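Order-wise, the sequence lines are chains A and B. Following the numbering used here, the numbering of the first sequence begins with 1 at its first residue and continues without gaps. Following the numbering used here, the numbering of the second sequence begins with 1 at its first residue and continues without gaps.
Worth flagging that the hints you see were computed from the coordinates, not collected in a lab. Treat the hints with caution; some may be incorrect.
Claimed, not checked - FRET-style restraints, in silico, Cβ to Cβ:
hint	chain 1	residue 1	chain 2	residue 2	range
1	A	P62	B	M1	30 to 38 Å
2	A	I89	B	D160	43 to 51 Å
3	A	I89	B	M1	47 to 55 Å
4	B	K311	A	T80	29 to 37 Å
5	B	K49	A	K104	21 to 29 Å
6	B	Y288	A	K104	27 to 35 Å
7	B	N329	A	S91	56 to 64 Å
8	A	G42	B	A187	21 to 29 Å
9	A	P34	B	R314	43 to 51 Å
10	A	T80	B	L70	42 to 50 Å
11	A	S91	B	K291	26 to 34 Å
12	B	K91	A	P34	16 to 24 Å
13	B	M1	A	E65	33 to 41 Å
Unchecked claim - Keeping only pairs whose Cα atoms sit at most 20 Å apart, straight-line, the calculated SDA-like set for lysine to any residue is:
hint	chain 1	residue 1	chain 2	residue 2
14	B	K49	B	K226
15	A	K79	B	K208
16	B	K293	A	K79
17	A	K104	B	K293
18	A	K63	A	I89
19	B	K263	A	D32
20	B	K136	B	L27
21	B	K293	A	M44
22	B	K262	A	K64
23	A	K79	B	G216
24	B	K124	B	L258
25	B	K291	B	K337
From a predicted model like this one, the values you see are computed outputs, not experimental measurements. Positions of the beta carbon are idealized from the N, C-alpha and C atoms, including for glycine.
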Amino acid sequence: MAKITYITSDNQTHTVEVQNGLTVMEGAVQNDIPGIDADCGGGMACATCHVYVKEDWFNKIPKKEDGEDDMLDMAFEPKTNSRLSCQIIVSDELDGLEVNIPSKQA
Amino acid sequence: MKKTDALIIGAGPTGLFTAHQLKLIGLDCEIVDNLDKIGGQCIELYPDKPIYDIPAVPECTGEELTNNLLNQLKPFDIKFHLSERVEEVKKEENNWLVKTSGGNSFLTPNVIIAGGVGSFEPRKFSPKECEKFENKSLFYSVKDKNIFNGKTVSIFGGGDSALDWAIELSKESHVNLIHRRDEFRGAQATVDKMHALVKDGKINLFTKYQMANVHGEQTLESIDIKHDNDEIKNLKTEYVLGFFGLIMQLGPIANWGLNLNKKTIEVDTEKFETNQKGIYAVGDICNYPGKLKLILSGFHEGALAARACFKLARPDEKYRFEFTTTSTNLLKRLGKKE
Numbered sequence: 001m002a003k004i005t006y007i008t009s010d011n012q013t014h015t016v017e018v019q020n021g022l023t024v025m026e027g028a029v030q031n032d033i034p035g036i037d038a039d040c041g042g043g044m045a046c047a048t049c050h051v052y053v054k055e056d057w058f059n060k061i062p063k064k065e066d067g068e069d070d071m072l073d074m075a076f077e078p079k080t081n082s083r084l085s086c087q088i089i090v091s092d093e094l095d096g097l098e099v100n101i102p103s104k105q106a
Numbered sequence: 001m002k003k004t005d006a007l008i009i010g011a012g013p014t015g016l017f018t019a020h021q022l023k024l025i026g027l028d029c030e031i032v033d034n035l036d037k038i039g040g041q042c043i044e045l046y047p048d049k050p051i052y053d054i055p056a057v058p059e060c061t062g063e064e065l066t067n068n069l070l071n072q073l074k075p076f077d078i079k080f081h082l083s084e085r086v087e088e089v090k091k092e093e094n095n096w097l098v099k100t101s102g103g104n105s106f107l108t109p110n111v112i113i114a115g116g117v118g119s120f121e122p123r124k125f126s127p128k129e130c131e132k133f134e135n136k137s138l139f140y141s142v143k144d145k146n147i148f149n150g151k152t153v154s155i156f157g158g159g160d161s162a163l164d165w166a167i168e169l170s171k172e173s174h175v176n177l178i179h180r181r182d183e184f185r186g187a188q189a190t191v192d193k194m195h196a197l198v199k200d201g202k203i204n205l206f207t208k209y210q211m212a213n214v215h216g217e218q219t220l221e222s223i224d225i226k227h228d229n230d231e232i233k234n235l236k237t238e239y240v241l242g243f244f245g246l247i248m249q250l251g252p253i254a255n256w257g258l259n260l261n262k263k264t265i266e267v268d269t270e271k272f273e274t275n276q277k278g279i280y281a282v283g284d285i286c287n288y289p290g291k292l293k294l295i296l297s298g299f300h301e302g303a304l305a306a307r308a309c310f311k312l313a314r315p316d317e318k319y320r321f322e323f324t325t326t327s328t329n330l331l332k333r334l335g336k337k338e
């Protein structure tokens with residue numbers, strides 16, 4: 001279990017408990033948090049679950065694997081701290097993680 | 001205007017199998033898809049990724065699945081209208097009048113939406129100002145490359161489309177290639193070729209930059225690009241090309257008076273009919289209690305929607321359930337019996 005905080009582009013914060021093994025994307029979708037579309041359902045094929053991860057967390061969570069940066073090329077306003085939330089798997093170590101949701105996914 | 005028993009919107013696996021079911025029970029159908037090829041998400045998003053949960057097919061790629069479905073449609077004559085988006089669906093007595101972006105119109109009692117998550121559209125630049133120049137000096141695809149001869153073209157993106165056009169246009173134009181990071185996801189040979197052209201001064205490469213703004217009154221004069229470190233560079237340019245792949249948008253479907261739930265359409269589970277009589281939704285785009293976004297669910301939904309279509313297309317006939325193993329009618333339609 002980890003408490004994950006999602007911050008929307010209009011600065012609304014949503015803190016929810018997400019089960020270990022789920023992805024940060026699933027945590028958002030299951031809790032109806034707005035702004036994460038996840039069109040492809042977690043297949044790393046659409047870049048519509050794009051989030052920004054605060055720098056200290058960005059370096060702490062498991063690194064991007066092959067292909068994630070390729071998809072991020074297509075995301076809306078990618079930055080150096082961009083991640084696809086479907087590729088971040090929740091574990092106890094992620095307790096307290098904060099992610100910012102971009103103003104749009106496309 | 002074309003008359004048909006059923007019009008299918010979407011040529012993905014669900015749309016294709018729905019067409020099979022319609023033809024098998026003796027109904028005509030035509031298929032419209034906004035993509036320029038058949039296969040939907042399977043072809044556009046994951047042609048090479050293996051799928052493991054198609055019943056009786058232990059493993060196949062998106063492309064293989066599409067080809068197998070097309071093979072299964074071989075006995076039937078089905079008209080595809082590709083690169084066309086359905087813009088309008090209007091009631092006309094007992095029929096629906098359907099108009100596409102390609103100028104086609106259909107009159108049909110049955111419209112089956114098998115649209116996945118909507119139609120694929122190019123992803124666009126984020127600064128709002130870019131819209132002003134869209135399709136004038138800023139494009140997301142190339143129709144006539146000759147307009148760029150002797151001009152400066154700024155190309156954005158890191159995949160094969162961006163690289164291929166940078167290489168091609170560098171022959172007759174001044175090319176800027178701008179990408180958000182140092183790595184390119186295009187084929188290695190293409191990346192090498194691009195770097196060789198950069199070395200020869202044929203392409204100006206800017207990495208870790210993204211589009212920040214566009215300038216110009218009537219015509220595009222220059223663009224600002226912004227580095228990861230916030231430094232801004234101004235580039236004089238006459239044309240801009242952006243290649244960021246495709247995104248699925250619900251598009252005009254939202255205006256057809258259907259009950260929507262987020263990006264999906266609510267249906268019943270008997271006919272997969274929407275709140276509008278004669279309009280059905282099947283596959284990923286439909287929603288009902290227990291809905292699973294699996295290809296196999298789309299096949300089931302399409303089969304049932306096809307039977308519902310029969311009632312509206314042949315009001316004076318009674319639908320008779322038959323098996324392909326034994327029915328002479330079905331075997332004739334399949335071309336297996338004279």
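TODO: Would you pick out the hints that fail for this structure and give their numbers low to high?
DONE: Those not satisfied are hints 1, 2, 4, 12, 13, 14, 16, 17, 20, 22, 23, 24 and 25.
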